[in-house]
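Fit chain B to the given chain A structure using the hints.
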Amino acid sequence: MDYNFNWVSVLGLFFPISMSALLLVQVIYKTLWLLVNAMPLMLNKRSNEVPWGISCECVTNEHHLDELRAIMNRRIRIDPIKVRRKEGAK
Amino acid sequence: MTPLVLAYIFNIIILIPIGLMTMLGGAKGGQLACQSKFPESEGFRTILGSLWTAILIGSVLGLFFPITMSVLLLIQVIYKALWLLVYAMPRMLNQRTNEVPWGIASTFLIIIVTFPWIIPWGQLFFDVVRR
Chain A
0 MDYNFNWVSV
10 LGLFFPISMS
20 ALLLVQVIYK
30 TLWLLVNAMP
40 LMLNKRSNEV
50 PWGISCECVT
60 NEHHLDELRA
70 IMNRRIRIDP
80 IKVRRKEGAK
Chain B
0 MTPLVLAYIF
10 NIIILIPIGL
20 MTMLGGAKGG
30 QLACQSKFPE
40 SEGFRTILGS
50 LWTAILIGSV
60 LGLFFPITMS
70 VLLLIQVIYK
80 ALWLLVYAMP
90 RMLNQRTNEV
100 PWGIASTFLI
110 IIVTFPWIIP
120 WGQLFFDVVR
130 R
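Going down the list, the protein sequences come from chains A and B. With numbering that gives the first Met the number 0 as the guide, the letters of the first sequence map in order to residues 0 to 89. With numbering that gives the first Met the number 0 as the guide, the letters of the second sequence map in order to residues 0 to 130.
Chain A extracted, bound-state conformation (with noise of 0.2 Å):
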């Protein structure tokens, strides 16, 4: 699944405002799938069966929270329809 992460990501080198959304998905798939899989395993004793490259990886990842939220906030600002909306409004 994150191989086709790795292709838009190479688009984020180029427009890293735009493309910072993808971050935000990744945050979110990648918290869930440790909620839903990783950590009833480690729960039940089966850590045996928990991928931990993976694992890691996905802990790692939320790094990626504390970029985005200064990303977020630029680009929400910009959003054109939602200045248009706000324009509207006035």
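Short derived list, chain A residues pointing at chain B, Cβ under 7 Å:
1) Val7
2) Phe14
3) Ser17
4) Met18
5) Ala20
6) Leu21
7) Val24
8) Ile27
9) Tyr28
10) Leu31
11) Trp32
12) Val35
13) Asn36
Stretch-level coverage of chain B by chain A, calculated; a stretch enters the list once three of its residues show a Cβ under 8 Å from a Cβ in chain A:
14) 39-45
15) 48-59
16) 70-83
These are calculated hints, taken from the structure and not from any lab test. Every residue gets a Cβ at the ideal spot worked out from N, C-alpha and C, and that includes glycine.
Okay, now just chain B, sitting in the frame of chain A:
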């Protein structure tokens, strides 16, 4: 209502049952979602279910921030096109069409044909730079 918002609504309608069923429905839910065409694997099923649920959450955000989240539509087009190319098409060409889950394949096809017309390419890639 813009076509962009309609695309997010389409995602939400499809993914509320499919995404949540794949992620939380156990082996039975996973088999239902893939029409029993894929062998059961808890790990891959939950990864796919988590990805689809994340796309669902992203689509809900897209209703409020349509341009910001439109890159989500782009990654959907890319990964669905890749899946059709590397999984569905070889099977169709080798007369093994019974191995292809047609529900997933036809939804993927609809998305890769329609979303490229809906994605606001100019705003997504160039407006931010210009601004």
